[in-house]
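Student: Residue numbers (the working numbering): -10 to 362.
By construction, these hints were calculated from the structure, which means they are not laboratory data. This one's a predicted model, so the numbers in the text were calculated from it and none came from an experiment. Ideal Cβ placement from N, Cα and C applies to all residues, glycine included. Treat the hints loosely; a few may be bogus.
Label pairs and their in silico Cβ distance ranges [claimed, not checked]:
#, residue 1, residue 2, range
1, Asn181, Asn255, 19 to 29 Å
2, Ile31, Arg174, 45 to 55 Å
3, Asp47, Val115, 22 to 32 Å
4, Glu305, Arg72, 22 to 32 Å
5, Pro190, Arg139, 40 to 50 Å
6, Lys108, Lys28, 28 to 38 Å
7, Pro190, Val59, 33 to 43 Å
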Amino acid sequence: MKDKRITKLAERLIHHSVQLQPKERILIRGHINMKPLLKELIDETYRVGAYPYVELEDDEISRHLLKGNVKEQLDTLSQWTLRKYTDIDAIIIISSEENDAELADVPAERHRLHGEAMKSSTLFYVNNRRWVLLNYPTVRLAQKAGMSFRKYEDFLLNVCTMDYGKMEVALKPLKQLMERTEKVRIVSPGTNLTFSIKGMPAVICAGKNNLPDGEVFTAPVKESVHGRVAFNTPSTYQGITFRDIVLTIQKGKITKAVSNQNSKMNEILDVDEGSRFIGEFALGINPYIMEPMDDILFDEKICGSLHLTPGQAYQEADNGNRSSTHWDMVLIQRPEYGGGDIYFDDILIRRDGIFMLPELSALNPNLLKKSLF
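Construct the complete structure from the given sequences, taking the supplied hints into account.
Tutor: See below:
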C-alpha cells in the first residue's frame, strides 16, 4: 500500500525546499532503492509544470571509480558536472546507502583528488542553485540508528514532514542574537573553547537545504578559535567511523587531533591547509532528534547539540577558509551526555541543552514540539 507520507515528503521537497516554478529544470539524484520517492518527485514536478531529470548512483560503482581516478580524468568530469549544474535551476540529492563503509578502503589521496576536482562544481550549485539533501530509509540506516526498519522509516518520514515554516519563524531570534554576538565560549566535560563570531552572518536552516533540519549556523573568525573541544558522538567520514574525537586548537588551527583512529584522522586533516581550520559553528535544536545515529544529516540537528566543522566555510557565512574537507563534528550538551554551557559575550544562553534567555525559550523542546505538527 502506498504510504501517503511519501507523497507529502515529495510535496514538501518540491514546494518548501526548492520552491520549484513552472518551466524550471530540476535534477533528482539518488540510488535506485529510493524509487518510491523518486516516482512521487517526478509526478509532482510535472504537476508544477516543470521538467525533471534523474541521475541514479551506486556506491559500489563509485568505489571502483574512486580507487583508480587520476587528475586528468577528474578534470573532465568536473567540467561535465559544472555544465550540468549550469543547465538546471534546482537539485534534490537523496542518499539511501546500504553500506556506509563502502568507500573505507579508498586511499585518502584519491578522496582528496576527487574532492579538489569536484569542489568548483559543488560550490557552484551550493551557492547558485536551490538544493536540498536528505536520506531515504534503508535497512543499513535503521541498523546504524539502532531501530527496526519500520520504526526508522516512521521516524524519518515523520521528522521530514513536520512544519518547517513554523520552525523557521521560531529560529529568527537565535539568528538575530548570533549576529549581535562577538565572543562565544563553550564549556563541557573535556571542553573549554572560545572564539569570535563578530560580523559573521548567521543562517537559519529550516527545511530548505536539508531534511530533516533544525539549526542556525555561522562561522568563527578564522584565527580566533582557541582551546580544547571533546566531541561525544560518533562521526563517519570517508567511510570510517571516528569516536572520542578531541581537538586542540591554537590561533584557529587544529594543532592536535586524537580519536580511536588517530593516524587516519590526521591524514584527512592534512589533505590541505584549510582542513585544520574551522569553517562552521552551529547550534542544533530539532526536538524530535534526540540521540546520535552516526548520520550527520540527523546528528547535527540533535536537540541540545552544537557542531564545529573543520574545513570549507559556506558562502553564506564565510570566514575565508577553503578546503576540500567539510567534516561536521557534534557535541551534545544535554545532562545525559554530560551537560554543558554556551556563553555569548559572557552571558549564559544555553545550559544542558536548554535556552536560558526568554527570547529563545520557544526553541526549547517542550514548546517547540507543540508547534511543528
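Student: Evaluate each hint against the coordinates.
Tutor: Consistency of the hints with the structure:
{"no.": "1", "hint": "Asn181 / Asn255: 19 to 29 Å", "verdict": "holds, 22 Å"}
{"no.": "2", "hint": "Ile31 / Arg174: 45 to 55 Å", "verdict": "holds, 49 Å"}
{"no.": "3", "hint": "Asp47 / Val115: 22 to 32 Å", "verdict": "holds, 23 Å"}
{"no.": "4", "hint": "Glu305 / Arg72: 22 to 32 Å", "verdict": "holds, 25 Å"}
{"no.": "5", "hint": "Pro190 / Arg139: 40 to 50 Å", "verdict": "holds, 41 Å"}
{"no.": "6", "hint": "Lys108 / Lys28: 28 to 38 Å", "verdict": "holds, 32 Å"}
{"no.": "7", "hint": "Pro190 / Val59: 33 to 43 Å", "verdict": "holds, 38 Å"}
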